[in-house]
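The primary structure of each chain is shown beneath.
2 protein chains.
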Amino acid sequence: MQENNWDIAITGGTLITMSAGMEIIEDSLVGIKDGLISAVGRNNDPNFSTFKAKELINASGCIVMPGLVNTHTHIPMVCFRGMADDLQLMEWLSKHIWPVEMRFISKKLVYDGAMLAMAEMILSGTTTFCDSYFFEDTTAETISLVGMRAVVSQGFADIFMSDKAKADKMMRVAGRFVNRWQPHAPMITPAYFCHSPYTCSPDTLTRVKEDAREKGILYLLHLLENKDETDTILDRYGKKPVHLLYDLGVLDEQTIAVHCNWLSKEDMAVFADLGVKVSHNPESSMKLASGVAPVPGMLRQGITVGLGTDGCASNNDLDMIREMDTAAKIHKVTSMDPTVMNAETVLKMATIEGSKVLGLDKFIGSIETGKQADIILVDMNQPHLTPLYNYYSQLVYASRGADVKTSIINGKIVMKNRQLLTIDYETAMDNVNNIAAEIINQKLR
Amino acid sequence: MQENNWDIAITGGTLITMSAGMEIIEDSLVGIKDGLISAVGRNNDPNFSTFKAKELINASGCIVMPGLVNTHTHIPMVCFRGMADDLQLMEWLSKHIWPVEMRFISKKLVYDGAMLAMAEMILSGTTTFCDSYFFEDTTAETISLVGMRAVVSQGFADIFMSDKAKADKMMRVAGRFVNRWQPHAPMITPAYFCHSPYTCSPDTLTRVKEDAREKGILYLLHLLENKDETDTILDRYGKKPVHLLYDLGVLDEQTIAVHCNWLSKEDMAVFADLGVKVSHNPESSMKLASGVAPVPGMLRQGITVGLGTDGCASNNDLDMIREMDTAAKIHKVTSMDPTVMNAETVLKMATIEGSKVLGLDKFIGSIETGKQADIILVDMNQPHLTPLYNYYSQLVYASRGADVKTSIINGKIVMKNRQLLTIDYETAMDNVNNIAAEIINQKLR
Numbered sequence: 001m002q003e004n005n006w007d008i009a010i011t012g013g014t015l016i017t018m019s020a021g022m023e024i025i026e027d028s029l030v031g032i033k034d035g036l037i038s039a040v041g042r043n044n045d046p047n048f049s050t051f052k053a054k055e056l057i058n059a060s061g062c063i064v065m066p067g068l069v070n071t072h073t074h075i076p077m078v079c080f081r082g083m084a085d086d087l088q089l090m091e092w093l094s095k096h097i098w099p100v101e102m103r104f105i106s107k108k109l110v111y112d113g114a115m116l117a118m119a120e121m122i123l124s125g126t127t128t129f130c131d132s133y134f135f136e137d138t139t140a141e142t143i144s145l146v147g148m149r150a151v152v153s154q155g156f157a158d159i160f161m162s163d164k165a166k167a168d169k170m171m172r173v174a175g176r177f178v179n180r181w182q183p184h185a186p187m188i189t190p191a192y193f194c195h196s197p198y199t200c201s202p203d204t205l206t207r208v209k210e211d212a213r214e215k216g217i218l219y220l221l222h223l224l225e226n227k228d229e230t231d232t233i234l235d236r237y238g239k240k241p242v243h244l245l246y247d248l249g250v251l252d253e254q255t256i257a258v259h260c261n262w263l264s265k266e267d268m269a270v271f272a273d274l275g276v277k278v279s280h281n282p283e284s285s286m287k288l289a290s291g292v293a294p295v296p297g298m299l300r301q302g303i304t305v306g307l308g309t310d311g312c313a314s315n316n317d318l319d320m321i322r323e324m325d326t327a328a329k330i331h332k333v334t335s336m337d338p339t340v341m342n343a344e345t346v347l348k349m350a351t352i353e354g355s356k357v358l359g360l361d362k363f364i365g366s367i368e369t370g371k372q373a374d375i376i377l378v379d380m381n382q383p384h385l386t387p388l389y390n391y392y393s394q395l396v397y398a399s400r401g402a403d404v405k406t407s408i409i410n411g412k413i414v415m416k417n418r419q420l421l422t423i424d425y426e427t428a429m430d431n432v433n434n435i436a437a438e439i440i441n442q443k444l445r
Numbered sequence: 001m002q003e004n005n006w007d008i009a010i011t012g013g014t015l016i017t018m019s020a021g022m023e024i025i026e027d028s029l030v031g032i033k034d035g036l037i038s039a040v041g042r043n044n045d046p047n048f049s050t051f052k053a054k055e056l057i058n059a060s061g062c063i064v065m066p067g068l069v070n071t072h073t074h075i076p077m078v079c080f081r082g083m084a085d086d087l088q089l090m091e092w093l094s095k096h097i098w099p100v101e102m103r104f105i106s107k108k109l110v111y112d113g114a115m116l117a118m119a120e121m122i123l124s125g126t127t128t129f130c131d132s133y134f135f136e137d138t139t140a141e142t143i144s145l146v147g148m149r150a151v152v153s154q155g156f157a158d159i160f161m162s163d164k165a166k167a168d169k170m171m172r173v174a175g176r177f178v179n180r181w182q183p184h185a186p187m188i189t190p191a192y193f194c195h196s197p198y199t200c201s202p203d204t205l206t207r208v209k210e211d212a213r214e215k216g217i218l219y220l221l222h223l224l225e226n227k228d229e230t231d232t233i234l235d236r237y238g239k240k241p242v243h244l245l246y247d248l249g250v251l252d253e254q255t256i257a258v259h260c261n262w263l264s265k266e267d268m269a270v271f272a273d274l275g276v277k278v279s280h281n282p283e284s285s286m287k288l289a290s291g292v293a294p295v296p297g298m299l300r301q302g303i304t305v306g307l308g309t310d311g312c313a314s315n316n317d318l319d320m321i322r323e324m325d326t327a328a329k330i331h332k333v334t335s336m337d338p339t340v341m342n343a344e345t346v347l348k349m350a351t352i353e354g355s356k357v358l359g360l361d362k363f364i365g366s367i368e369t370g371k372q373a374d375i376i377l378v379d380m381n382q383p384h385l386t387p388l389y390n391y392y393s394q395l396v397y398a399s400r401g402a403d404v405k406t407s408i409i410n411g412k413i414v415m416k417n418r419q420l421l422t423i424d425y426e427t428a429m430d431n432v433n434n435i436a437a438e439i440i441n442q443k444l445r
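Chains as they are written, first to last, in the numbering used here: chain A, 1 to 445; chain B, 1 to 445.
Take the hints with a grain of salt, since some may be wrong.
Taking lysine-lysine pairs in the BS3-like style, the calculated list, with each CA pair at most 30 Å apart, reads [as the list claims (entries may be wrong)]: (1) 265(B) with 227(A); (2) 265(B) with 33(B); (3) 416(A) with 362(B); (4) 265(A) with 416(B); (5) 164(A) with 52(A); (6) 443(B) with 227(A); (7) 443(A) with 54(A); (8) 95(B) with 443(B); (9) 52(A) with 356(A); (10) 265(A) with 33(A); (11) 227(B) with 356(B); (12) 108(B) with 95(B).
Honestly, the hints are just simulated from the structure, not real lab data.
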C-alpha cells in the first residue's frame, strides 16, 4: 500500500477533471502535496484508505474542478468600472478612458486596482489570468503577493515611442522585465503584448516578436476587434491585418490574437496552419458593439480558443462563469443553431483550452496527477442549482461566480468558504474608492 | 409635524426610485405602513425626525429599489433545469420536454417546482412575475403561501381540445379560476394565456379574448418566437401572424405578446397603434437560437416592453439581474451600436415598464408614496461592485442575483440578509431533487 501523506485532501465532491477523457468522478478524493496534485480517485479507493492530510476539505455537495483561466484582461481597469458606458467606441476611448488613464495611471493605481481585481477573480473562480496594462512590473509584484497564477505581458505601442532611442529603451526595459519574472514561471510568466496592428508599426511588431522568440515567451496582440480595422490596415499597407502579420512573420504557436471578431475564413486557415491561438472575449465585444467572433468556425478549423473577460471598463466584471454562459448563448443565436458551443465546449475554453492558449496546459487546466493544484469548489447545494441533471449545463447555464466556495492555487488555499485568505479586500475597496473619488472630482472640474 | 408610525423604515441606502423623474436619493428613508409606501425622502428630512417603526432596516451601503418584475416564465419548469440543453428546438421539445411533461406533470410537481422557483426568484431580486403553465390554480395557491406578487395565467391550446364540448369545459374551468383569484388582485391577478397562433385555432384565440375582455383580464400569447412561425401561419391562413391576430380582433392594450423575435416594422406599427405590450426574453431565445427581438425598434415606436426569463428549461435560471445584463449587451452587438439599450433603459424594462406590461404600474414598479411596498436592497459593498460611478451601470453590468440582500413584497419582509422567511427552501430542493431522480430513472429505462 502506498504512503499518502498530503498537505490537503479534498473529499466527497463530484470531480470534473477536464482531462482528455473528461472523466467525472462522484464521491471523489484529491490529494495535494507540495503544490502538486498527487492523487485523484474515488473516496472509497482502498489505495487511499490510510491517507494523512494537514488540511481536510469536505467537498460534499460541491463540484471540484480546475480553476478558471481568463486569457485576456487589464486588471487595474477595475478602477474605471462603470465610469463610462453605453457610448460609441471612439467617444468612450478618447473622451473618457484615455484622458483618465493619462491623468491617473500610476504604480499606486495599478497596485490598488490589481488587488481589488484579484479579490473579484478569486471570489468568482478564476485562478489564472493573462494581464496586459501599464506598470506590468508592479502588477506582477502584486500578483506574487496574492499568490495567483498569471501571464503578465509588457505592452508596446508606437504612439508612445516617438523615436528609435525611445524604442530601444523600451526594449531594454521589457528585457529586464522578462529577466526578472522568467524564473517565477509557471506562477508568473512574462510575455510581450503589441497593442494592435493599427497602434504598432511593422518595425515594432517584428522587433518585439523577434525578441519574444529569442526569449521563448508568448506574443499577444489585439486583432480585428472592430470591423473598420481591416480598412484602416488595408489603407495603410495595402493588405488586410492577418495578411500583414503573416508577411511580417509574427504569427506562430506562441502568438495569441485577442478578440478576432472579424476574422475571415481565409484568416482562420492561416491561424490553423500556423497554430496561432485566440482569446475570445464575448461580453466586452457585445457591450462595445464590436462584433461577435466566429468561434464555432475557428473550432471547426482546429484553432485553440480560450475565454477572457477583457478589462472591467468594457464588461463590467471579471466573472468567468458569467462569461461562459454568454459565450454559449451568443454563438447559438448568432449562428441560429442551438447545438453549437455546447456547455462542455465552453467549459473547456474556460479551463484546459485557455491553459493551452497561455502555454500552461502542461501545468494546469485539468485535474490530473502531477499537475499543479489549481482547484475550485463550486457549491451546488442551492435553489438556483437544483435539480442537477448535467454537470456541464449546470456550471455554464445556471451557476454564478458567487457559488464558488473555496479556491486553491498552486496547492495553497486562497479562499475558504468565501473568505479570502491572501487579500485584504476591504482595504483594496477603500483604496479604489478613493481613486474613483479623485477621478469624479477631476471630471466635475 | 406629521405623525410617522410605520411598520418598516429603511434608512441610509441610496434610493433608486424608477419614478417618472428617475430621482435618486442618497442617504434615503422609506417608510412602509399597511403594505404601502407611506414616505419617501432623505434621512435627514425634518419631517421624519420623529418616526417610529416596528422594524428598522439599515440600508447603508445598499441600493434600495423596486423589486424586479419578470414578465414571462413557467416556474414549475425549474424541475427540468438542465435536463436537455444544446439541442435543436423540435428535438428538445418532442424528445425531451413534452414526453417528460406528459409523464410527470402533476399538482405535486407544480407545487414543488413553484416553491423552489420562488426561492430562486426572491434570492435574486424578483418580487413579481407572470406565470403560465399547467395546474395554474395550484401555482396560485403556492404563490399565496409564499407571499409573492404574480399574474397567473390559465393556458389554452387546441391540441388539448379535441371537440367543442371539451373546449366549453375548459372555458368553464378557466372562468372558475378567474372568479377564484380576481379578488386577490393585485397580489394574485388571474389572466388568460393562449399558447400561440400555431397551437390555438382562430376560434379559440377569439373566444378566449372575448371572455378576457368581459372579465377585464390580461390576454397573453407566445408570438413569433421562431422564424418559421410566419411561414406556418401564412400556409395555414394566407396571412402573417400579426395580420391574423389583427383580423381576429385580439390585439389591444390588454394583450401581451411574448418573445416577438421576428416582429416586422409593420407589425410594430400595429402594436404601437393598438397598445399591445411585449415581453422580451433574450436569454431563452439566445439559448434556443430562436432569434433576437428587435427591441430598440419597438422602443422607438413607443411599444411598452418588459423583461422576462422564460422557463428554466431554456435559460437555465430565473435571475432577472443577469437577464438585464444580457438584454443590454445582445442589442448593442446586434445593432452594432453601443448606445442602444443603455443601462437605464434596461433597468426600466425590469421594473416600471414590466409593471406596465402586467397592468400593475398603478401599484408597483417604482418607489413612490402610495404604491405598494415591493422593495429590494442590493448590497453594493463588495469587490465586484467597487468603485461606483453610476448606479444604473453597476446594477445592470456588474451586480448579480446573489447581491440582493433583503426583499419586501407588499410590505412584508420575505428575505432578510439572504435568509428566506416564507419558504423552506431545503424541503423544496429535496422535493425537486426527488422528482428529478424519478425523471432520470424513467429516461434510463
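Are the Cα atoms of residue 108(B) and residue 95(B) separated by 30 Å or less?
23 Å, holds
Take the C-alpha atoms of residue 95(B) and residue 443(B), compute the straight-line distance between them, and say whether it is at most 30 Å.
Satisfied, since the Cα-Cα distance of roughly 11 Å is no more than 30 Å.
30 Å Cα cutoff - pair residue 265(B), residue 33(B)
46 Å, violated
Straight-line alpha-carbon gap residue 443(A) to residue 54(A), limit 30 Å:
With a Cα-Cα distance of about 53 Å, the restraint between residue 443(A) and residue 54(A) is violated, given a limit of 30 Å.
Can you confirm whether the C-alpha distance between residue 52(A) and residue 356(A) stays at or below 30 Å?
33 Å, violated
Does the structure keep residue 265(A) and residue 33(A) at a Cα separation of 30 Å or less?
46 Å, violated
Decide if the proposed pair is consistent with the structure: residue 443(B) and residue 227(A), CA atoms, cutoff 30 Å inclusive.
47 Å, violated
Compare the distance between the alpha carbons of residue 265(B) and residue 227(A) with 30 Å, and conclude whether the hinted pair is satisfied.
27 Å, holds
Would you mind confirming whether the straight-line C-alpha gap from residue 265(A) to residue 416(B) stays at or under 30 Å?
53 Å, violated
Just to be careful, I want the Cα atoms of residue 416(A) and residue 362(B) compared with a cutoff of 30 Å; is the pair within it?
Cα-Cα ~46 Å, so violated.
Can the restraint linking residue 227(B) and residue 356(B) be considered satisfied, given a maximum Cα separation of 30 Å?
Given pair residue 227(B), residue 356(B) holds - Cα atoms ~27 Å apart, limit 30 Å.
Decide if the proposed pair is consistent with the structure: residue 164(A) and residue 52(A), CA atoms, cutoff 30 Å inclusive.
60 Å, violated
Comparing the model with each numbered hint stated earlier shows that hints 2, 3, 4, 5, 6, 7, 9, 10 do not hold.
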